[in-house]
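Use the sequences and the hints to build the structure in full.
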Amino acid sequence: MKHFEHPDKFESRHIGPSFDELNQMAIECGAKSVDDLIEQTIPQNIRLTERLNIGEPLSEFEYIKKLRKLASKNKIQKTYIGMGYYPTILPSVIRRNILENPGWYTQYTPYQAEIAQGRLEALLNFQTVVADLTGLPIANASLLDEGTAAAEAMIMFHNLRKKDKLNSHKFFVSQELFPQTIDVIKTRAKLLDIQLVIGDHQTIELNNDYFALIVQYPSESGEIYDYSDFFKQAESLGIYKIVAADIMSLTLLTPPGEFGADCAVGSTQRFGVPMGYGGPHAAFMSTKDEFKRNIPGRIIGVSIDAKGNRALRMALQTREQHIKRERATSNICTAQVLLAVMAGMYAVYHGPERLKQIAARINNLTKFLSQSLKQLGFEQKNQNYFDTITLLTDKNLQNKIHTEALKKEINLRYNKDFSIGISISEATAFEDVIELINVFAKAADKNFEVRNLNEREYESFNSFPSILRRKSDYLTHPVFNSYHSETEMMRYIKRLENRDLSLVHSMIPLGSCTMKLNAATEMLGVTMSEFAELHPFIPEEQAFGYKELFNELEKDLAEITGFDAVSLQPNSGAQGEYSGLSVIRAYLEDIGQGHRNVTLIPSSAHGTNPASAVMAGMKVIVVNCDAHGNIDVDDLRKKAEANKDNLAALMVTYPSTHGVFEESIKEICEIIHQYGGQVYMDGANLNAQVGLTSPAFIGADVCHINLHKTFCIPHGGGGPGMGPIAVAKHLVPYLPGHPVVNINKEKSIHSVSSAPWGSAGILIISYAYIKMMGSEGLTNASKAAIVNANYIKAKLEKYFPVLYSGLNGRVGHELIFDMRSFKHSAHIEVEDIAKRLMDYGYHAPTVSFPVPGTLMVEPTESESKAELDRFCEVMISIREEIKEIEEGKADPNNNVLKNAPHTLQMLISDKWNYPYSREKAGYPLKWTRQNKFWPSVARVDNAYGDRNLVCSCIPVSEYAEENLAN
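Going by the UniProt record's numbering, the first residue of the sequence shown is number 1, and it counts up by one from there.
Keeping only pairs whose Cα atoms sit at most 25 angstroms apart, straight-line, the calculated SDA-like set for lysine to any residue is:
id : residue 1 : residue 2
1  : 78        : 418
2  : 823       : 628
3  : 442       : 76
4  : 395       : 447
5  : 823       : 306
6  : 555       : 541
7  : 75        : 398
8  : 745       : 191
9  : 898       : 802
10 : 920       : 876
11 : 190       : 588
12 : 395       : 221
13 : 926       : 796
14 : 547       : 741
FYI, nobody ran anything at the bench for these hints, they're computed from the structure.
None of the values given here were measured: they were computed from a predicted structure.
Now the structure itself:
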């Protein structure tokens with residue numbers, strides 16, 4: 001060790017096994033050392049010869065000092081910009097017990113419902129909030145942001161056109177939508193040949209050429225329009241109606257569902273979620289019951305378990321991309337689960353009355369401001385309003401107001417027509433409004449006497465017509481009327497947390513998902529006010545800390561991938577796929593090759609690949625894989641040649657989705673380039689590449705980077721995620737731009753996300769990981785991930801066949817165990833093994849992907865040798881249980897696997913009618929007695945849930961009383 005090097009290296013905290021353990025594990029795999037194992041695993045022709053130029057690692061203590069210095073360069077000012085982003089008050093009980101709690105933020109997507117009941121209930125609460133407030137019965141469990149939600153609604157209704165409207169491709173967009181929403185809609189519409197008509201809803205002449213329309217409620221200027229007559233006209237023409245709504249205003253305003261909307265979209269950010277310089281926030285979408293099987297994203301539904309008890313699950317799974325693939329109508333794969341949980345809990349904590357009081361207070365302060373400014377002689381553009389007013393000024397007066405506002409460290413919205421927008425929020429105090437009025441008074445050289453004004457006199461003033469005032473009830477379910485003290489709320493949150501298995505309990509060995517350590521120090525910046533409380537549209541000089549972070553992160557990600565530039569805008573992996581393909585299409589169009597629209601995709605690819613390609617207007621052609629799981633190069637060459645005139649791209653994952661470093665990858669890239677296409681590399685498996693090879697070195701032109709996988713952003717129960725794209729030099733000019741913040745390149749495509757840097761608030765996590773690992777640490781992490789996977793292979797392959805491996809019998813950072821033979825030998829399905837793992841306290845590996853009847857395991861570098869040994873012991877124990885069935889010692893239909901998982905209620909019941917002991921069911925290995933996680937429900941009945949779809953909080957008696965046991 002160098003004399004002055006900090007002794008506490010983060011690398012040794014992040015990587016689970018010690019250096020000596022890793023070498024010993026490599027030897028047990030039949031290699032001489034870690035480096036020897038890596039040499040046997042990664043083809044020599046794609047190995048990097050120089051180490052990464054990231055810099056020396058910082059200790060956690062050193063990084064925290066750097067983080068504070070960065071934070072000091074961001075300036076928190078009072079912000080009234082609005083436009084879909086508002087200062088809010090995050091209740092401390094939610095901040096401490098959810099946002100800062102690894103028991104909530106390290107959970108995985110709730111595919112294994114029996115060990116995700118707490119999060120599923122929290123998401124059901126969220127859906128209920130959205131459904132109740134929008135007045136539409138079906139809501140999903142969140143989307144990425146408001147712009148994406150609006151674009152998804154447009155696409156949904158384009159796909160739902162009736163026979164007599166198949167030639168209708170016009171979509172009306174109100175010019176009073178938020179500009180970032182319009183920009184995202186433009187991106188999505190262009191590649192699907194949807195014709196946008198952007199204009200005034202009061203003057204537009206609708207006809208049969210339109211399939212749908214969208215309006216903002218309240219509008220961008222703050223105006224609250226009565227859309228009922230407009231919607232009746234649209235209804236008569238068979239035009240679907242979408243409303244982009246402010247969730248807080250709906251506690252006071254008539255909900256969209258009550259004035260004819262078919263769909264409502266928006267953001268729940270102002271329900272206690274910090275602005276975070278643009279994200280992450282949970283967007284919402286709700287719609288009519290008739291569209292429940294078309295709504296994109298995830299829906300949480302109520303079902304029953306094997307004992308007839310209430311159980312929750314993700315409903316309508318047939319819409320998932322890995323099933324529908326190129327027939328999918330959306331590429332949405334993830335959600336904003338952690339943020340949806342927070343927003344739902346905000347509603348639970350405040351309840352309907354308190355929510356209404358918060359909204360009424362916002363409205364009263366806005367009325368007070370409006371009336372005061374009118375007294376000062378300012379003309380207001382909008383007559384009706386909830387929280388936003390727009391003042392008509394000229395260039396000279398706008399400049400004066402701007403100057404005075406800056407003196408008071410106030411941010412307002414300054415429009416190009418010289419009007420000024422002001423949005424009041426939950427965080428606005430009465431004194432803040434007085435300060436605002438004084439700014440305008442001084443700019444106008446008027447006197448304003450505070451003593452002559454009284455807040456109460458404005459409470460009776462109506463800021464919108466009574467016909468638009470909400471009359472219907474909402475959030476009447478007990479869950480929204482029971483937990484209003486902090487004690488009760490804390491216990492409710494903890495009760496739900498205890499029903500979920502997360503990384504605080506054990507390894508989550510999911511192939512393709514990289515559930516690694518989300519270090520506490522990496523998470524610190526997320527809740528620091530200097531990062532959390534910034535509006536995405538503030539002046540650049542107020543966010544120099546963020547700017548420095550972005551610049552360094554982009555530079556480091558470019559170095560890691562080998563590319564020339566990075567866009568941080570895409571806020572999910574699937575969004576990154578779509579963005580990369582959109583950039584390719586823009587490039588091809590610019591060089592006169594816009595007709596190229598064929599994308600080749602291996603049959604092993606993740607389902608979002610073909611779904612994203614279709615969303616980008618591509619024609620998908622599937623390339624076969626050989627018996628070893630590799631891309632069939634002959635089939636690829638044949639299909640590339642057959643489509644040489646129209647070939648746009650190849651989408652390829654590396655190492656392959658089968659967990660193998662394919663030897664022919666460079667040849668594959670060369671074939672695509674030979675026939676005029678671009679190579680898109682899916683970054684799902686980048687964790688096996690960092691420091692050892694790179695997408696650019698392999699031959700790709702663009703890749704997306706799953707920051708929630710390789711770079712440590714937590715999965716948050718299924719989101720948030722981030723999917724930045726890195727591109728080669730020729731694609732740089734086309735990286736996504738933004739209509740409000742000037743990040744535009746020479747020929748930028750329109751926005752792919754609402755915020756200019758996507759979910760900027762969580763980029764801090766990946767930045768921290770890279771800075772604390774340094775060049776050598778990042779490379780060592782990749783090596784450790786590969787060693788851990790091969791170690792599991794060595795320990796378990798004599799019990800479970802490994803489906804694919806490389807030329808030297810090695811796997812990458814993940815591997816696939818073939819469980820199909822047990823169906824014939826013991827009537828055991830792969831699902832039975834997945835459920836039995838719960839009894840041992842483990843989340844199942846990835847089930848039946850990419851091959852049905854298999855388990856795909858990815859241990860990551862963060863798991864210790866002891867934890868890997870424990871997992872292997874569990875798998876061997878389950879193999880012995882299967883053997884008991886095979887040998888006739890256990891009943892083939894009534895055994896520990898078929899009846900798994902076993903709940904505590906089952907074990908303590910007076911009745912025990914199983915041919916095996918309670919101990920075997922609940923404590924299959926001795927150490928489970930010291931570390932037992934109990935599934936809260938028995939095996940969930942998925943079919944029942946789909947037949948009886950219930951997606952909001954209603955009393956149990958209303959949906960399944962006749963099915964409930966006892």
